[in-house]
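Counting from 1, one number per residue, gives the positions in the sequence shown under my numbering.
For the record, the hints were derived by calculation from the structure and aren't laboratory data. The structure displayed is predicted, hence computed values, not measured ones. Treat the hints loosely; a few may be bogus.
Claimed, not checked - EDC-like mimics (lysine to aspartate or glutamate), calculated; alpha carbons at most 20 Å apart, straight line:
(1) K94 <-> E40
(2) K94 <-> D63
(3) K41 <-> D54
(4) K93 <-> D61
(5) K93 <-> D63
(6) K100 <-> E37
(7) K93 <-> E64
(8) K97 <-> D33
(9) K97 <-> D87
(10) K100 <-> E40
(11) K93 <-> E77
(12) K94 <-> E37
(13) K94 <-> E64
(14) K97 <-> D61
(15) K86 <-> E96
(16) K57 <-> D33
(17) K97 <-> E64
(18) K100 <-> E64
(19) K100 <-> E77
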Amino acid sequence: MKTSIISFTILCSVMFAFAQGARPIPPGIRQADHTIEQSEKNLPPPLYQRSPTDLAKLRHDADELASLAQSIPPSVEQTTKGALPKDLADRLKKIEKLAKQLRSQISQ
Numbered sequence: 001m002k003t004s005i006i007s008f009t010i011l012c013s014v015m016f017a018f019a020q021g022a023r024p025i026p027p028g029i030r031q032a033d034h035t036i037e038q039s040e041k042n043l044p045p046p047l048y049q050r051s052p053t054d055l056a057k058l059r060h061d062a063d064e065l066a067s068l069a070q071s072i073p074p075s076v077e078q079t080t081k082g083a084l085p086k087d088l089a090d091r092l093k094k095i096e097k098l099a100k101q102l103r104s105q106i107s108q
């Protein structure tokens, strides 16, 4: 029991000594990090800013997508009762199309 406590203490002290002896960061690397931070701060604002019509279209598409998405659960509920709404597949395709358009517009 004593030997295990002593060996554990020695092991912990050796690990602590190695942790304290970490190599310092060379000054060149610190200067490079500082230069990178400075260049990121000096970046100009983006040249392309969305026009109000783009934002209006985005908002309209998002609202349409939301209303279509809200109409799906009742239609799915009808399918569990054995009735398949004719326009369900069309609405799902429209949701996919609107989501894809929104994704591409936002990522620009």
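Hint by hint, here is what the structure shows:
For the hint pairing K94 with E40, the CA-to-CA distance comes to about 41 Å; that exceeds 20 Å, so the pair is violated. At most 20 Å may separate the alpha-carbon atoms for a hinted pair to count; K94 and D63 meet this at roughly 13 Å. Proximity of K41 to D54 is assessed by CA-CA distance (about 28 Å); at most 20 Å being required, the pair is judged violated. Taken as a hint, the K93 and D61 pair is honoured in the structure, with Cα atoms around 14 Å apart against an allowance of 20 Å.
A distance of roughly 16 Å separates the Cα atoms of K93 and D63; the hinted pair therefore holds under the 20 Å criterion. Using a Cα cut-off of 20 Å, the hinted pair K100 and E37 is violated, with the two alpha carbons roughly 35 Å apart. The straight-line distance between the Cα atoms of K93 and E64 is roughly 13 Å, inside the 20 Å bound, and the hint therefore holds. Taken as a hint, the K97 and D33 pair is broken in the structure, with Cα atoms around 44 Å apart against an allowance of 20 Å.
A threshold of 20 Å between alpha carbons decides the hint, and for K97 with D87 the separation of about 15 Å falls inside it, so the pair holds. A threshold of 20 Å between alpha carbons decides the hint, and for K100 with E40 the separation of about 32 Å lies outside it, so the pair is violated. The straight-line distance between the Cα atoms of K93 and E77 is roughly 18 Å, inside the 20 Å bound, and the hint therefore holds. Of the pairs offered as hints, the one joining K94 and E37 is violated, with about 44 Å between alpha carbons and a cut-off of 20 Å exceeded.
For the proposed pair K94 and E64, the alpha carbon gap of about 10 Å is at most 20 Å, so the pair holds. A hinted pair counts as satisfied when its Cα atoms are at most 20 Å apart, and K97 with D61 qualifies at roughly 10 Å. With a CA separation close to 17 Å, the supplied pair K86 and E96 stays within the 20 Å bound. For the proposed pair K57 and D33, the alpha carbon gap of about 42 Å is over 20 Å, so the pair is violated.
With a CA separation close to 11 Å, the supplied pair K97 and E64 stays within the 20 Å bound. Between K100 and E64 the CA atoms are separated by roughly 13 Å; this keeps the pair inside 20 Å, and the hint holds. For the suggested pair K100 and E77, the alpha carbons sit about 26 Å apart, so the restraint of at most 20 Å is broken.
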